[in-house]
Amino acid sequence: MKKIMLVDDSATIRNIIRNALTAEYEVVEAEDGVKALGALGGSGSIALFLLDVNMPEMDGLTLLGELRKRAEYKTVPVLMLTTETKEEFRAKAKELGASGWVVKPCEPDKLLMTIKRIAG
Amino acid sequence: MRERNKAAVCAAVTAYVSAAVLLTAAGGKMSAANAVYAVFAAAVQAAVMFALLRGGEKTAERGPETGGTEEKTGACEESGRTAEGSARSDESGAAAEEEKKYGSTVRALAVRTEYMRAVTEELCKAIAQSLSSTTEPISEELLKIRRTGEAFLSGMKEYEEDIRKKTTVRRLEEESGKFERDLKMLSDTAGEIFTTIDSRMGKLRTVSEKIGETAGSISEISEQIRLLSFNASIEAARAGKAGAGFRVIAGEIKKLSADTEARLGEIRETLKETQTIFTDIGKGLEENRKRMLEVVAGREEGFRSFGTELEAYFPRLEQLYTGITGMIGSLSKSMDVISPVVQLHEITGQEIGNLGQVTDDYCRYVAERVKDMAAEKAVKAEKEEREEVTEEIRKHLTTESELKALERGIKKVSPEAQVELGMNTCGIELF
Numbered sequence: 608m609k610k611i612m613l614v615d616d617s618a619t620i621r622n623i624i625r626n627a628l629t630a631e632y633e634v635v636e637a638e639d640g641v642k643a644l645g646a647l648g649g650s651g652s653i654a655l656f657l658l659d660v661n662m663p664e665m666d667g668l669t670l671l672g673e674l675r676k677r678a679e680y681k682t683v684p685v686l687m688l689t690t691e692t693k694e695e696f697r698a699k700a701k702e703l704g705a706s707g708w709v710v711k712p713c714e715p716d717k718l719l720m721t722i723k724r725i726a727g
Numbered sequence: 108m109r110e111r112n113k114a115a116v117c118a119a120v121t122a123y124v125s126a127a128v129l130l131t132a133a134g135g136k137m138s139a140a141n142a143v144y145a146v147f148a149a150a151v152q153a154a155v156m157f158a159l160l161r162g163g164e165k166t167a168e169r170g171p172e173t174g175g176t177e178e179k180t181g182a183c184e185e186s187g188r189t190a191e192g193s194a195r196s197d198e199s200g201a202a203a204e205e206e207k208k209y210g211s212t213v214r215a216l217a218v219r220t221e222y223m224r225a226v227t228e229e230l231c232k233a234i235a236q237s238l239s240s241t242t243e244p245i246s247e248e249l250l251k252i253r254r255t256g257e258a259f260l261s262g263m264k265e266y267e268e269d270i271r272k273k274t275t276v277r278r279l280e281e282e283s284g285k286f287e288r289d290l291k292m293l294s295d296t297a298g299e300i301f302t303t304i305d306s307r308m309g310k311l312r313t314v315s316e317k318i319g320e321t322a323g324s325i326s327e328i329s330e331q332i333r334l335l336s337f338n339a340s341i342e343a344a345r346a347g348k349a350g351a352g353f354r355v356i357a358g359e360i361k362k363l364s365a366d367t368e369a370r371l372g373e374i375r376e377t378l379k380e381t382q383t384i385f386t387d388i389g390k391g392l393e394e395n396r397k398r399m400l401e402v403v404a405g406r407e408e409g410f411r412s413f414g415t416e417l418e419a420y421f422p423r424l425e426q427l428y429t430g431i432t433g434m435i436g437s438l439s440k441s442m443d444v445i446s447p448v449v450q451l452h453e454i455t456g457q458e459i460g461n462l463g464q465v466t467d468d469y470c471r472y473v474a475e476r477v478k479d480m481a482a483e484k485a486v487k488a489e490k491e492e493r494e495e496v497t498e499e500i501r502k503h504l505t506t507e508s509e510l511k512a513l514e515r516g517i518k519k520v521s522p523e524a525q526v527e528l529g530m531n532t533c534g535i536e537l538f
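Protein chains in written order, with the working numbering: chain A, 608 to 727; chain B, 108 to 538.
Careful, some of the hints might be misleading.
A short list of chain A residues far from chain B (calculated; beta carbon distances all over 10 Å) [to be verified]:
| id | residue |
| --- | --- |
| 1 | Lys609 |
| 2 | Met665 |
| 3 | Val709 |
| 4 | Gly727 |
A few chain B residues that face chain A, going by a derived Cβ cut-off under 10 Å, partial list only [to be verified]:
| id | residue |
| --- | --- |
| 5 | Ile454 |
| 6 | Arg501 |
| 7 | Met530 |
No lab work stands behind these hints, which were simulated from the structure alone.
Positions of the beta carbon are idealized from the N, C-alpha and C atoms, including for glycine.
Start from the sequences and build out the full structure, keeping to the hints where you can.
Structural data, given as structure tokens:
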């Protein structure tokens with residue numbers, strides 16, 4: 608089963624998204640950017656990242672920048688999953704190399720379809 | 108001074124009224140939106156009151172400013188009239204001085220507060236609306252889940268005792284145990300039959316070999332007889348008086364005939380043996396057949412009762428299965444309904460946090476302005492003030508609902524204002 612890393616500071620959102628994806632993907636979770644980077648070593652190969660934008664310690668855009676600096680994650684698809692509707696954040700994410708932008712709340716089956724399209 | 112005291116008194120009265128409104132809301136006579144706004148309004152007014160009173164204390168500490176020494180007049184009345192006129196001109200001078208020092212701050216605060224009040228009112232309304240729109244569907248779905256669970260349990264109540272004591276399961280276990288033992292017996296019996304047949308087949312093989320050998324001898328003999336007949340016919344052709352050769356031949360034929368008789372005797376004996384073997388096999392098979400029939404007959408009653416138990420149990424199993432799959436289906440449906448609503452509920456919590464940051468910023472702004480009260484900062488034009496407050500609030504907001512509330516709030520104060528929200532409303536976008 609392909610692996611997806613989900614990074615969001617809300618446990619409720621992580622529960623909902625995990626339940627939507629768990630039948631088709633193995634889901635690895637972290638509650639902020641720092642913990643996500645820490646978990647990467649022992650997680651094996653990640654097929655797609657799902658990142659929230661507004662998080663404590665390290666926000667999603669900073670994490671995206673860090674991932675794109677690493678050779679093994681340079682081309683791995685990254686979907687920003689966020690409440691953020693301000694255009695400047697979306698533009699910044701696109702500039703940093705995000706693959707897509709998903710605004711919360713989202714319907715779980717639509718999110719799953721989008722992920723399948725990108726990650727297979 | 109009088110202006111400042113008036114403002115402080117007004118702020119205090121407003122704070123008191125807001126607290127009273129909040130208590131009324133607690134008694135359930137007010138909507139959630141107005142209650143949230145009332146709390147915020149009380150906090151803002153208290154912040155303003157505090158800032159203004161602190162400004163008053165600082166003025167009191169500094170004391171009145173004095174110029175050079177004044178000459179006193181001689182007569183009391185004249186001095187009194189002069190003193191009174193002098194006091195009045197002192198008062199209006201001081202007022203003008205204070206107006207000059209503090210007016211710009213108060214005006215700036217007034218403009219900022221006006222925008223803040225309108226925007227936070229809209230934000231609170233949006234939050235309250237989100238809360239009520241999410242709480243109701245979640246409660247409804249939870250009720251549905253509870254009703255489904257209760258219906259399932261009441262359906263199962265009939266079998267509760269049976270399930271608890273596992274009566275049927277134990278009976279089925281017993282019957283299936285017996286069934287297993289009988290099957291073993293049948294299979295052992297069949298095994299014995301095959302062993303018996305196998306050993307008999309060995310004997311049959313030996314017998315058929317003997318028959319084969321004998322048949323071989325007989326064909327040798329018949330070949331010899333043929334040759335002899337041939338020779339006899341030759342001799343007969345040459346005979347006449349010399350019949351001696353014929354006699355020899357006849358003697359040989361007799362011997363051969365005796366041999367043949369002996370071989371046939373052997374074959375007869377062998378066939379008898381074969382018959383005995385087949386009879387034995389037949390007897391053995393018959394015995395085992397009877398045994399198996401006895402076992403099966405004995406199990407018939409057991410099978411019938413097993414079948415009856417299963418027949419009674421299957422509808423229950425079916426009902427249990429249908430109940431469970433129905434409940435799982437209903438739960439899945441409820442989760443599908445709840446999921447986006449729960450996300451929205453979670454997002455509303457985030458919006459409340461954002462509102463807290465907005466009011467935090469505002470209180471900091473008030474405190475800084477009051478600190479710099481005497482610095483006589485120039486009052487910004489309203490457009491500039493509006494743009495500044497819009498951007499400061501906007502940086503804390505994230506969702507479409509919040510940004511639209513900001514727009515509504517700004518336009519309430521300045522209907523002609525053009526508010527740049529810089530909002531992206533695309534739900535899912537792939538780059």
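Outcome of the hint check:
Separation of Lys609/A from chain B is adequate, the least Cβ-Cβ distance of about 18 Å exceeding the 10 Å criterion. Every CB of chain B is more than 10 Å from the CB of Met665/A (nearest about 17 Å), matching its label as outside the interface. Against the 10 Å criterion, Val709/A falls within the reach of chain B, whose nearest CB is about 5 Å from its own CB. Remark: the non-interface label on Gly727/A is consistent with the geometry, its nearest Cβ contact in chain B lying 14 Å away (cut-off 10 Å).
At its closest, the beta carbon of Ile454/B sits 5 Å from a beta carbon of chain A; the interface hint therefore holds under the 10 Å criterion. At a threshold of 10 Å, the smallest CB-CB gap from Arg501/B to chain A is about 8 Å, leaving the interface hint in force. Because the closest C-beta pair between Met530/B and chain A is about 5 Å apart, less than 10 Å, the hint holds.
Comparing the model with each numbered hint stated earlier shows that hint 3 is the single one that does not hold.
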